[in-house]
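Use these hints to put chain B onto chain A, whose structure you have.
Listed below are the residues making up each chain.
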Amino acid sequence: MRVASLLVLLVGCATNPAPSGTLRTAEAMQTTAYGGYILVRLRGGGEVRGELLAADDHGVTVNTPRGPHTIPEPKIDSARLAAYQTGEVGLTAWGALGTATTLSHGFLLVFSAPIWIFTTGFTGASESRLALYDFPGRSLRELALWARYPQGMPVVAPPPPPVMPKAGP
Amino acid sequence: MRAAIAVVLLVVLALACTKQVKRVVAPSAAGVDRESAFIKAHMRDGGVYILGHWRVDPSGLYLVGDGTQLDASRVEVKRGWFTVPVADVALFESNVVQNSNSIIGMTLVTGASAALTVICLTHTKSCFGSCPTFYAPDGDRLVLQAEGFSDSVAPSLERRDIDALFRTRPRGRDLELRLTNEALETHVIKEANLLAVPAPPGGRVLATEQGTFWQARALAPPRACAAPEGDCLAAVRAVDGSERFSLADEHDLAARETIELAFPPRPGPLGIALGARQTLLSTYVLYQGLAFMGRSAGTWLAALETGGRQALAGRRSVVQALGGIEVLAKNATGDWIVVGEVNETGPLAEDVHLVPLPPGARAERIRLRMARGHWRLDLVALAGLGARVEPVRLTPQVRQARLSREFAPERTPATGFPMVTLPGDAYLLGYQLPQHPEGYELFLESRGYYLEWMRREWLADEDPLRAAQLVVDPAAALRRLAPDFKRHEAGMEEAFWRSRYAGR
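Respectively, the protein sequence lines represent chains A and B.
Residue numbers 1 to 169, in our numbering, belong to the letters of the first sequence in order.
Residue numbers 1 to 504, in our numbering, belong to the letters of the second sequence in order.
A hint or two may mislead.
[Stated by the list, open to error] Computed, partial: chain B to chain A, Cβ under 7 Å: (1) Q20; (2) H42; (3) R74; (4) L91; (5) N95; (6) L116.
[Stated by the list, open to error] Far from chain B by the CB rule (all over 12 Å, computed), these chain A residues: (7) R24; (8) A26; (9) G46; (10) V48; (11) G59; (12) E73.
Worth flagging that the hints you see were computed from the coordinates, not collected in a lab.
Cβ coordinates follow ideal geometry from the N, Cα and C atoms, glycine included.
Chain B on its own, in the form it takes in the complex:
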C-alpha cells in the first residue's frame, strides 16, 4: 500500500515536472500563439516587455497588457499597464506550456501495471504459484512439472500425492529437481521422493489416482473429439501445452459438460490416459471460502483439525460438488457407466493419470464429463495396458537452498525432511537414479500440507453464513458464487495464459 501511495505521489510530481514549452517568435503579434498567457515584446535596444492579459488594440498599432518592463540587463524598469507601439517592437514571443508527450508511455505502463497488481492481489494464484512447485528437466531446461499435495490445505488434510514427471526423460543417473514456494503460503513438506518405475520398451508407465502403476504400450490418440464448442481433437492429441478448456456456467459453477471421444478398436486390457490440470475455478472457490471465513478462518481450520470426519466431509463436499473428470464407457448392455475419475487438484502443473477400463467395457466410444470451465485437457489417449509394476523409491539430498529474506530472515536452510518453506524459498534436490535410467518412468511422490496466508483484502468479504453454506450446501453455494466468478474469470484466465507459467 505504501508503495502504491508513493507511486501515485511520484506520478503527480512527474506530471508536474514533465512539461514542454512551445515557443514562437515572430516580427508581428499576429504571428505568435494567441493561447500564450504572456507575450514578450523584444525591443531593438535589448529591453523587453513581459505582459499578461495582453491584446493588440483594434487599430493594430499598440500592444496592450499588464506586466513588467526590463532593460537589456534585465533590470526592472517599470511595472504596470503598458501600451507599447507595435512599430517599436523587434520581435514578439509567445510560450505555451504543454504536457510532455514522453509521459504517455509511462502513463500507459502505469495503468496496465496497476491493473495487474489489482488482479494479482485479488486473485493471487493468477500470478503466484501455489503449493510446493517442482521444476524438473525436460531435456533442455527446468520446467514446472508438478505441484505437491494441492488439496492439503490443513494438517488434517495431509496426504501423499503422486505426480507424473511425464516430460522428464533422464539422460544420466543424476537428476535434480527445483522445489519452490511461490505463494503466500507456509509449506510443510514431509517427503519429496522420486519414484522410478521400469517402463516397457517403447512404452510408458501410467499411474492411477489410487497410486498404482501400469506399463502401457503406445498411447493412441482419439480419432475424433467433440466438445460443446466443436472439434477438440487437435488440443488433446498429445502433451504439448495446447489445451482444451471452456468457460464456467454463468448460473452454476458445478454445471457439467460432456466431451465425446472415438478411438480405433484395440484389444484389452485398456485404459484411458488423461493429461490435465485445473483452471482457476477451484482456486477461486478456496480463496472465496477463506474470505467468507474472514477473521474466524483460524477457528474454522481448527474445527477441521478437531472436528473429525464430519468436518472433513464438509470440506470434501465442496470438492465433490465441483468434481473431477469422469470417464464413461458403455457396458455390455450398451449403457453408459462411470468407469473412473481423475480429480487432481491444482491449476499450475499438468498431471497425467490412468483410468483403467473394466473388462468388457467398449473403448471405441468414450465420454468425459466434468464441470464447465473447471479443467484444461491436454491429453486423452487410449493405452493398451501391460503389467502392474512397482516403483523404486528414491530419497533426495538437499544440494542447495535459497531462503527468502522477506520473511523470518533469521532462518537457516533445511538440510532434510520435513522442511518448512516460506514465500520465495527455493531448494535444489538431488536424486541418484538406478542404472540405465532411460528405462524408467519417473514420478514425484510428495507428502505434507500447506497453510494459506489470509490476505487483508479478503476480510472485506467476511460472511460466516456464506462460509457455512459452502460446507452445508455446496451446490447452492456454487450457484450463488457463479455471477461473481464470471465477472473475474476472463481476467484470471488471461493473466494465467500470458504467464505461460509451465514454461512450455
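Pulled out of the complex, with its shape left as it was, chain A reads as follows:
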C-alpha cells in the first residue's frame, strides 16, 4: 500500500498555472476568441503570466495587466500553457466515492479499493495534463494553436491593452 500511495503521489495531478475561474470549459472553447493562460519563466529569474496572445518560433506575446508583453525565445527558460478546463476534480470526487463504495465488497475490498485508488490517481493525473502544454517539451509555434491570435499579432493596428475576462457562460 505504501508503494501504491507513492506511485499515486509521483504520478499526481499536474500544477495548473491558471487562476481559478480563468479557463473556459471545453464546450466554450468552440465560441470563445480568447487565448489560453500561460506562465513563462524567464532565464535569470522572473516570470510573466497572462493570456497568450500570440506565439511563434521567435517568442511569445502575453497579455499582462500592464499590456501586451513580448518575450523573445532566448529569454524563455520554460513555459506552461493551460488551454481550457479539464475534469480532474470531478474524476477525483468520482474516484473517492467509488473507493468508499468498496466497503460493500467485504474482504474483496483488499483488491477493489487499491484498483479504485490506482485508477483514480492515474486517470486524474492524465486528465489534468490533457490541456497543458509545456515548453520546451513542445515548440513555441505549437502553443500558437491556443493563442488569441493564432495567425500572429495583428500588424495593422495593435489592439488596446486587452484584459482577458473571467470565464463566463
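Frame of chain A; chain B shown alone:
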C-alpha cells in the same frame, strides 16, 4: 443506496466535465474539421468571425455563416449572417469537443465495482465472512483456520464446535488467535477454548465429528482418485489449498456424486482423514430460506425456539437433504456400506475430520458420496490409528479488542465470555500452551450461536409457502431452487476464489 445514487450523480457530472477539444487551424477552410459546429475566421487585423451553420459557398470564395464579428480587442462589432471573403481570412479554426479518453478506465472500474457490489449484497457470504472467524498462525502469519458453530443460527441451535487448527504448529507456549465478526450477523460466543492434544512422534491427532480424538500415524494419500470429471488425485493429496469441487446439478441441488479412491494395503485400525469445507450452496439455501420467510422471519425463528423437537427436526431436514460427505467401504461380504459421514457447516475455513473404519472394513477401495457442488475436498488420506487421547482445555484471555463504530458505537469491549460481537468487531485472544507445545495438536472448541441480519433486498423474495416447503419437503424445495442457484453459482464461486479468503 445513497452512496450508489451519489456515485451515479458524480459519474454524470464527471462525464459532463471530462471533455477534450480537438482544435485545428488551417490557412484554408478545406483544412479544418467539417464536424466542428462553429468555425472561427481569424482576420489579419486580429478580428475574428465566430460562425455557426457555416459553409463555404460553391464558388469557394466566401465563407457563409450565422454568428458574431469581434474586433482584435474582442469587442463585438456585429451579429447576424455573414459572408466573409475567404481571401481576407488569415486562418480558419475548428474545435470539436470529444469525451476524454481518461474516463474509459474509470468507467470500466465503476462497472466492475458496481457488479461486485450487486454480487456482494445479494450473496453476502461471497464477500463477507460468516460465523465467528478465527485466524491462527501458520508459522509466518495469521490465516483463517476455523469458523465457529456455523450451524447455530438460533439460540436453540447453540452447539459446541470443534475445528482442527491443522496448519498451526506452535513454536512457543504463547499463542494468539484473532477472532472476528465479518458478516452482517450478531455473534454470541460463550466459549472459545483451545484444546491441546498430545500427538505421537511424527504423527498427528485427528478429531471425529463426535468430538473424540485419535492419534494417527503418517497420513497416506490415495494411490488413485476418480471423480466424475476425471482424475482428482492432485487436488486431494495434501492440505495445500488445491481443492476438488464440482458444480451443482441443474435440476436438483441434492443430487449426489461419487468419488472412487484407492489406497495401498495397510494394517488396522484405520481411519479416513477428510479435509474439506462447503461451497456456497448451503449458504445460498440458508439465505434463500430467510428471504422466503421475509418479514415473518422473526416468527419462524421464534417457532424454532418454542416449537421443540418438531421445529428443530424441520430445520435439520434441509441440512440432511443436502447431506455431508459420506464415507463408504466394503464390508466382509463385499457390499458397500456407509461407515461414517463428515458434515461440518461452513464455506470459509477448511476442517480436517476423521472417519474411523470399522473392524473388518477393507480400506483398499473407498468411496465418497456427496451432493454435487456442495463440498470442496482438499485432503483425503488413510490414517493408521493409535490410541484415543484426551485434550487439555485451555481458556483464553482477551488481550486486545477493536469494536466497529458503525453499529452501537457506545459499546465497550468484552473482557471475557460470553461475548457478543457485531459486524467489524475483532478480538485478540491469548492462550498459554502446555510445556513442550510442539508435541501437541491444537483444536479450537467454540460454543455459541449467531443471528443473521435480515437484508432489505431479501424481502422481495418473501414467499411463506416456499419457506414452508423447505421445512416440510426439503427434497422438493431443493429441486425447485436448483435453476435459480445455477444462475448465480458461477458468480458466487468466482468471487469466492478471487478472494482467496483463507489466505493460502
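Does R24 of chain A clear chain B by more than 12 Å, comparing its Cβ with all Cβ atoms of that chain? Since the minimum Cβ distance to chain B is about 10 Å, R24 of chain A lies within 12 Å and the statement is violated.
Was the hint right that Q20 of chain B lines chain A, CB cutoff 7 Å? holds, 6 Å
Assertion that A26 of chain A lies outside the chain B interface [Cβ separation over 12 Å]: violated, 4 Å
G46 of chain A clear of chain B by more than 12 Å, beta carbon to beta carbon? Per Cβ check, G46 of chain A is outside 12 Å of chain B; nearest 27 Å; holds.
Just double-check V48 of chain A for me: nearest Cβ-Cβ distance to chain B has to come out over 12 Å. Label holds. Min Cβ-Cβ 20 Å, cutoff 12 Å.
Is the claim that G59 of chain A lies outside the interface with chain B correct, judged by CB distances over 12 Å? holds, 18 Å
Proposed interface contact between L116 of chain B and chain A, which counts if any beta carbon pair is under 7 Å: Given a least distance of 5 Å, the restraint on L116 of chain B holds.
Interface hint compliance - H42 of chain B to chain A, C-beta minimum distance less than 7 Å: Holds, because the Cβ-Cβ distance from H42 of chain B to chain A comes to roughly 5 Å (cut-off 7 Å).
Does the closest beta carbon of chain A sit nearer than 7 Å to the beta carbon of R74 of chain B? With a closest approach of 5 Å, the R74 of chain B hint holds.
Confirm or reject: E73 of chain A is not an interface residue toward chain B, with every Cβ-Cβ distance exceeding 12 Å. Correct as stated: the minimum Cβ-Cβ distance to chain B is 21 Å, above 12 Å.
Restraint satisfaction for N95 of chain B [CB to CB of chain A, less than 7 Å]: holds, 5 Å
Once the shortest beta carbon distance from L91 of chain B to chain A is found, is it less than 7 Å? holds, 4 Å
Comparing the model with each earlier hint shows violations of hints 7 and 8; every other hint is respected.
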